[in-house]
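*Asks:* Residue numbers (the working numbering), protein chains in the order written: chain A, 1 to 274; chain B, 1 to 370.
Treat the hints as calculated values from the structure; they're not laboratory data.
Small disclaimer: the values here were computed from a predicted structure and weren't measured.
Positions of the beta carbon are idealized from the N, C-alpha and C atoms, including for glycine.
Where hints are given, some of them may not hold.
Here are the simulated DMTMM-like cross-link-like pairs (lysine to aspartate or glutamate), alpha carbons at most 20 Å apart as the crow flies [to be verified]:
(1) Lys304(B) / Asp316(B)
(2) Lys8(B) / Asp40(A)
(3) Lys8(B) / Glu103(A)
(4) Lys98(A) / Asp5(B)
(5) Lys8(B) / Asp165(A)
(6) Lys220(B) / Asp5(B)
(7) Lys232(B) / Asp316(B)
(8) Lys232(B) / Glu164(B)
(9) Lys8(B) / Asp174(A)
Pulled from the structure, derived: some chain B residues nowhere near chain A, Cβ distances all over 12 Å [what the hints assert, rightly or not]:
(10) Ile7
(11) Glu144
(12) Gly147
(13) Leu163
(14) Phe190
(15) Leu207
(16) Lys232
(17) Gly256
(18) Ala267
(19) Pro285
Read off the chains here:
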Amino acid sequence: MRLRLSFTTVALYGVLALLALGYLLPAYLTIITALKLPADISLPQSWQLPPTLNYASFTDAFTLLRPNIVNSVILTVSATLLSTVLGSLNGYVFSKWKFPGSELIFTLFLFGMFIPYQVILIPLFQTLRAMNLYGGLPGLILAHVVYGLPITTLIFRNFYAQIPDALMESASLDGAGFFRTYTRIIFPLSIPGFVVTSLWQFTQIWNEFLWGICLTRHTSYPITVGLAQLAGGQAVSWNLPMAGSILAALPVLLIYIVLGRYFIRGLLAGSVKE
Amino acid sequence: MRNQDRIKAVLTLSPSIILIGLFVYGFIGNTFWISLTDWGGVAALAVNPVKNYAGFTNYIDLFTGFLGGGFRQDLVNAVYYSVMLLAGAIGVGMFLAVMLDSKPKGEAFFRTVFLYPMSLSFIVSGTIWRWMLSPQGGVNILPEYAGLQPFTFRWLSSTGSILEFNWQNLLEIAIYLVSAVLLIIGLRLFAKTPRQSLLWLIPGIALGLFAWLGGEMLPKALFMEETHGFNKATFGIILATIWQYSGYTMALYLAGFTGISQDLRDAAMLDGATTASYYRHIALPMVKPITISAVIILSHISLKMFDLIFAMTGPDNGQTGHPALNMYLTTFRANDFARGAAIAIILFLIAGTFIIPYLVSSYRQRRGKP
């Protein structure tokens, strides 16, 4: 019995280690390729450590991608902030101020989260052109705020559902109205909700590509579009795209590694079930 | 006071209601309208482009037209992508979750490693995997380190396909599929309620027989023979997607397993259940809602594989095409807005068949709660 137990334990750790290795291989390959001199990069030697370390790819990639990184920072911070604040207010209404039909409206909101965005792309493109917002960051921010509302509302609604109604009642006995209850009671309790939602929105918006390429002009391209251009084409020397990938991945990877707990909560919230 | 607050609540919500109403529902309606016109061509980007009502021409062209072959292959690709991604990501994710559920040492480390790909953008993972899957490097030469022959599979540039079928027989295939679904439901019900199961079994058998005997007489979907199959070049893209999303299903299942009480597990073990039978008969049935969520979210992802394919094989690769990509090219490169809108509506309808029942049932569930 003891022997069998230890055998399963060994097998478990063996399989886990092997799988972990497999999941990390792409990261390893990216890092070593980014650190190689272009002349040292060849297909048969792709797994070997760089013979001489070359950090220049990172500075080169950063110079090329800097305008895109600046665009993405502006886009991501403002769209995250706006959609999170709106989501918090919506979630407050949907969980604490239910009215006839509010569940139906909430479900209709959620639908917006699951549509393939191609289905709204042409009218969105036309509307932004008509509003003179096509091509720049404000239009992109508007799109991210609007289509971010379903998920931010969902996370906050589920978050506020855990706040006991007794708190609401005592607030109302004290004479606090709709907004005062929000600012005095709900908002101070919402910090974890804000962390989860804004982390989720940050990663989603930072990683988004379709709208970036369809709704902006060259000068407003976000980081994903910049990277796709840097890596596109046939005759690429692979050190630059790999260094660029690392730069584009760094903000979201840092969030994931440092604040992983909150990231996972956002991820679980996306699956609707409470 | 209370009433005034209710009004304030509705007013707070109203900007979002208007935005969602317009940007989601209004825009979907508008895209549908565009898909019924002939908007396209040289002057498509004029301030007031000419749009004439054209009925369902765009849809008919896409499914049965001479030039729609590319789209039809994309659609077939999307179906195979979805099936493979669902099987792969759910299978691997469940396996990882079961292993980590036994709380090995370093569980947090392993969880982080399996989940990190999920935080990356598809453009990043696509760029990395394009390099990983180069024909004479990356994954293909890994076996050499174990003293074996290298792989020679051309992950992203193969041209063959497997599981081919003739698009002409689309109607016949559809009838077979419906019949198979009816038979499966019927057989599952048979043990419990034999009489009710006949309601499923008889139409299933009838449809199957009809397609088998009368399939030749059914109208052909196309005037010429056109085979479509599972393009081998899409294997690489599926592999990359599974790498990226299996950690996600793992996280979902882990959360579900953790929610099952330890008492239940102990009781099952006392009754002599092995680990395997505990998961098979107790844990997995209990996390069925999670499986449903995973199916919904993964099929949603597989329908918008735009970015990953764009980064891995480029937008113009016919072998690895996808309707989401085709829509972009048709609309923004070829300026054929009406055709692009029709493709978008088809994607939307496919997504809707998964999502609408899901949302309706979650709505009913919420309303059922006091």
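*Asks:* Give a verdict on every hint.
*Replies:* Consistency of the hints with the structure:
no. : hint                  : result
1   : Lys304(B) / Asp316(B) : holds (16 Å)
2   : Lys8(B) / Asp40(A)    : violated (66 Å)
3   : Lys8(B) / Glu103(A)   : holds (18 Å)
4   : Lys98(A) / Asp5(B)    : holds (12 Å)
5   : Lys8(B) / Asp165(A)   : holds (19 Å)
6   : Lys220(B) / Asp5(B)   : violated (62 Å)
7   : Lys232(B) / Asp316(B) : holds (17 Å)
8   : Lys232(B) / Glu164(B) : holds (11 Å)
9   : Lys8(B) / Asp174(A)   : holds (18 Å)
10  : Ile7                  : violated (9 Å)
11  : Glu144                : violated (9 Å)
12  : Gly147                : holds (15 Å)
13  : Leu163                : holds (25 Å)
14  : Phe190                : holds (31 Å)
15  : Leu207                : holds (30 Å)
16  : Lys232                : holds (20 Å)
17  : Gly256                : violated (10 Å)
18  : Ala267                : holds (21 Å)
19  : Pro285                : holds (16 Å)
Figure legend: structure checked against the earlier numbered hints; hints not met, in rising order: 2, 6, 10, 11 and 17.
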